[in-house]
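Residues per chain, in single letters:
Number of protein chains: 2
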Amino acid sequence: MAALSFRLETTDPHSAARAGTITTDHGVIQTPIFMPVGTVGSVKAVTQQQLKHEVQAQIILGNTYHLYLRPGTEVLEAAGGLHRFNGWDRPILTDSGGYQVFSLAEKRKLTEEGALFQSHIDGSRHMFTPENVMDIQRSIGADIIMAFDECPPYPSEYAYARKSMELTHRWLDRCIKRLSETPDKYGYTQNLFPIVQGSTYKDLRKASSEYIASRNAAGNAIGGLSVGEPEEMMYEFTALCCENLPADKPRYLMGVGTPWNILEGIALGVDMFDCVMPTRNGRNGMLFTTQGVINIRNKKWASDFSAIDEGLSNETSRFYTKAYLRHLFVANEILALQIASMHNLNFYLWLVTEARKHIMAGDFNSWKNEMVPHLKQRL
Amino acid sequence: MAALSFRLETTDPHSAARAGTITTDHGVIQTPIFMPVGTVGSVKAVTQQQLKHEVQAQIILGNTYHLYLRPGTEVLEAAGGLHRFNGWDRPILTDSGGYQVFSLAEKRKLTEEGALFQSHIDGSRHMFTPENVMDIQRSIGADIIMAFDECPPYPSEYAYARKSMELTHRWLDRCIKRLSETPDKYGYTQNLFPIVQGSTYKDLRKASSEYIASRNAAGNAIGGLSVGEPEEMMYEFTALCCENLPADKPRYLMGVGTPWNILEGIALGVDMFDCVMPTRNGRNGMLFTTQGVINIRNKKWASDFSAIDEGLSNETSRFYTKAYLRHLFVANEILALQIASMHNLNFYLWLVTEARKHIMAGDFNSWKNEMVPHLKQRL
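Chains A and B supply the protein sequences, listed in that same order.
First residue of the first sequence: 1, per this note's numbering; consecutive thereafter.
First residue of the second sequence: 1, per this note's numbering; consecutive thereafter.
Check before you lean on any hint, since a few could be wrong.
Which copy? The list can't say, so a pair holds if one copy fits it or any two copies do.
[To be verified] Okay, derived cross-link-like pairs now, SDA-like style, lysine to any residue, Cα gap no bigger than 20 Å in a straight line:
#1 299 <-> 78
#2 52 <-> 318
#3 52 <-> 106
#4 300 <-> 73
These are computed hints drawn from the structure, not numbers from a lab.
Treat the numbers as computed from the prediction; the structure is a model and nothing was measured.
Turn these sequences into a full structure, and let the hints guide you.
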């Protein structure tokens, strides 16, 4: 089978936005794209059938840290990889676990060798290295796999940010070496995306982008943003990275973000996004809609029998009313979580699909400038 | 629109099992039937689309006690009734709330007038009477509504059981009177089913069945069973009630039960069943399958990549594997609850559909005798 390829189709004349097509052994992805997060092999509260047929997700994420702990690589290998295990037959991307080790694990220790950590589930001790993280991602079998990196917190001192970036680069070379020494496990090609780091320092971000670009990977990722810095700073550093990453490879901005973050990211030249926000905020009753943001628990929706979002064509968003969904939240019904998650994912996929249409039509930038304040409104 | 009608199609030559068709203003129901329980207007963890297209439920339940507390009759009336509120356009049955007042509410007091109780949610005080329970069920707007009854616990003293049954009969007459004085609210016909009580005393059950039969309702229910008495006793009293209830009206055995309880109930002449077991036990990882009972949390399923139930044709039961579902339960994923609930409902609806086929084919009783021990097996 073939390595991931990217075809750049259109570039917006008034911004850096692009439309393209990524081809993987599990099918094509039209960019810009949002990738729903399936942490432990399940996009929370959404079935694979709904994800495929209603949300029309083109690619989903899995988390190496979580999948390594549960169900573990033995079960995943016995299944024949994550696609077989969870039944998702379209592309999958797995992150490297680096971010989770630092955000979730109890007690961790960073060395040149890797990261020693204790599981957040049972306190058991584990070590992640660039080599074994590649091996674990071989066992999981995602189409796109991420390099093992350190994601420094915001703010970070310059000296720390630099040291951390250099470690991430050395780890990247070890990842590449390990991958070159190990075969694909399931008969299709796995593609490594390296990750730009460098915190919020321009020279570091530039240097890291250039180093990452020099590895000539099938696609490139921007990490270490959306970790607490001001939104304008996130945009500034996203732009800087995009400018220094090759135009003929897809660019992935990790862990971003709100609908308006995504539109601004697209305008800066980003092609791929992932975020837990649509599902996590959905489970808390926060809905993103074509008209703005809704807190569905609010009493004002108790007798509003209009559809959740008449601006969408997806069944869940049109079939259920605001009043019914509010009732389900107030009554603590599981169906509340299902409907809210589905709706928010419907909206996110609609958003990137619309963005793509406007890029193709050549009016993306003016559309984006109109949409951002509109989508931010609190209803 | 027209009152509920029942057409008896076949009676099994070797048992009291029957196949029939109930016609309501929201469509037909083929009996014997199992009715998924949608307590607060949602069958827990299952969408209305899944319930209709995959489970192929023909009728669902709502609970008057729960719907009265949340969202309340004001919202339900503003919506135009429960069908409009939750989007379920097939038949709905609501119980009268009597059972929940005694099983869920804090502090309750029974008088000739009705039942005084405090909400299990916020401790607020409420009174249910036969009259206002009819009014509430008018506001909910189910196709089949249940008489307000007292469900005595097991065991009950004879004197108490008799007094309670007589109260239930007086309350029934008040329900009938109230209904005759109030119009249908939403343009279709609501049909009252009275409930046989009498605890585990043959003369009381016989007297109650005869009293209920004399009211000449569109259908009749058997209450006060499956409340802790031995299974054989439940069958004995079900048989006694069925024998004394008219053959040309549907018979509904309330709150029953396991798959084998349902098959035995059908053999005794019951046409309608409801139970929280498929959804509640599903959420605890207990699966009913065509091969027997599974505790999916068990380690033995960790690497079993066979479908949840290959004996069914429903997508959820065939698409997901035992290993994947076990993983979802172990990882506390919401999708575990969704898949298990869907599967168990798929199985229950398959079971009654198969039963109907065998009644039509004339071999129900031998099939039932084969199936009961088979379905009870622990896998």
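* Asked: Is it within, between, both, or neither for residue 300 and residue 73, if the alpha carbons may be no more than 20 Å apart?
  -> between (48 Å within a copy, 17 Å between copies)
* **Intra- versus inter-subunit Cα pairing at 20 Å for residue 52 with residue 106** => neither (35 Å within a copy, 45 Å between copies)
* **Homomeric proximity label, residue 52 with residue 318: Cα distance no greater than 20 Å** => both (18 Å within a copy, 17 Å between copies)
* Can you give me the call for residue 299 and residue 78, within, between, both or neither, at a CA distance of at most 20 Å? => Result: close only across copies, 15 Å inter versus 50 Å intra.
The structure shown violates just one earlier hint, number 3.
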